[in-house]
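These are the residues of each chain, in order.
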Amino acid sequence: MTAPAFDEIIHNPVRLRACATLAGLDFAAFPALRDELGVSDSVLSKHLATLEAVGYVKLEKATSEGRLRTSVSLTPKGRKAYTAHVAALRSIVGAATLSAV
Amino acid sequence: VETDPLDAQSALDAAAAAELRTAQIATSTPWYAPWYGITCAGFSVEAALGAVDMWGPQLTANMVLLASLAALMVTYRRVTGVWPSNRSGGWLVFVEAIVVMGGAAILSYLVAGSYGIGLWLLPVAVVTAVLMALLSRGYGAALVRKHSAR
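Protein sequences, first through last, are from chains A and B.
Residue numbering for the first sequence follows the numbering used here, beginning at 1 and increasing consecutively.
Residue numbering for the second sequence follows the numbering used here, beginning at 102 and increasing consecutively.
Among the clues, some could well be false.
[Claimed, not checked] Straight-line alpha carbon distances no greater than 25 Å define the calculated SDA-like cross-link-like pairs of lysine to any residue that follow:
hint, chain 1, residue 1, chain 2, residue 2
1, B, Lys247, A, Pro76
2, A, Lys46, B, Trp184
3, A, Lys46, B, Ala115
4, B, Lys247, A, Glu36
5, B, Lys247, A, Thr75
6, A, Lys46, B, Thr181
7, B, Lys247, B, Leu160
8, A, Lys58, A, Thr97
9, A, Lys77, A, Asn12
10, A, Lys80, A, Thr70
[What the hints assert, rightly or not] Label pairs and their in silico Cβ distance ranges:
hint, chain 1, residue 1, chain 2, residue 2, range
11, B, Leu193, A, Ser42, 32 to 42 Å
12, A, Ser45, B, Leu211, 50 to 60 Å
13, B, Val153, A, Leu68, 47 to 57 Å
14, A, Ala96, B, Leu193, 30 to 40 Å
In case anyone wonders, no lab produced these hints; they're calculated from the structure.
Bear in mind the structure is a predicted one, so any value in this text is a computation, not a measurement.
For each residue, glycine too, the CB sits at the ideal point set by N, CA and C.
The whole structure should be built from the sequences, with the hints applied where relevant.
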């Protein structure tokens, strides 16, 4: 059980969806993640750079058939932070539900 | 951190939707399970060939099967752009697959050692292919169910 910990970096809508998408995967190809999130290359790059700077995602570049392909994965630290953030969101919602009763 | 409960709920909904969508993408390849099942069934044929000392055909079968598995993984990654994590319950399926495939391979090896290669190998291969395909499809369905239930 992960202790709830609200994470300002993950809470950004694009970054939250990126982390949620990557949570069930070993990796996603950059174009697949971009299409899934419905953002441009530059927007995704910017958000991934933010996540990479804090060690939440890992970007791997490899050349295949003469093209540079980038794959993105959640690091163990990023996975833990995402799980803790989701737990924090649940506790906020849970606390609001309890106080409303 | 001040976060509105409604904002928290919409963030949770967005995260759950993204997780479900990922599960749907990961299981969006109907050709994966039959290809996987047939390839896995090939390993029982390969084991039977080994039991009757048909080293050449066994080696050829081995190379074809390994190439088929590699092609399956490359094609899957290329089509979906993702690779599911074993944290999603994949280890249990992996163990079940080893049991089914290992059992079929051992059975084929023992029967071929006693009676030689024969028509008996066909039902063994078909049953193995069907079981492995069902395991693969079942894993996908469970993954989507798990995320749909949230």
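Each hint tested on the structure:
1. B/Lys247 to A/Pro76: It holds: about 22 Å lies between the C-alpha atoms, which stays within 25 Å.
2. A/Lys46 to B/Trp184: Answer holds: lysine 46 of chain A to tryptophan 184 of chain B is near 23 Å, not above 25 Å.
3. A/Lys46 to B/Ala115: With a Cα-Cα distance of about 20 Å, the restraint between lysine 46 of chain A and alanine 115 of chain B holds, given a limit of 25 Å.
4. B/Lys247 to A/Glu36: holds, 20 Å
5. B/Lys247 to A/Thr75: holds, 23 Å
6. A/Lys46 to B/Thr181: It holds: about 23 Å lies between the C-alpha atoms, which stays within 25 Å.
7. B/Lys247 to B/Leu160: violated, 41 Å
8. A/Lys58 to A/Thr97: violated, 37 Å
9. A/Lys77 to A/Asn12: With a Cα-Cα distance of about 18 Å, the restraint between lysine 77 of chain A and asparagine 12 of chain A holds, given a limit of 25 Å.
10. A/Lys80 to A/Thr70: holds, 23 Å
11. B/Leu193 to A/Ser42: 32 to 42 Å: holds, 40 Å
12. A/Ser45 to B/Leu211: 50 to 60 Å: Check passed, 56 Å falls within 50 to 60 Å.
13. B/Val153 to A/Leu68: 47 to 57 Å: holds, 49 Å
14. A/Ala96 to B/Leu193: 30 to 40 Å: holds, 36 Å
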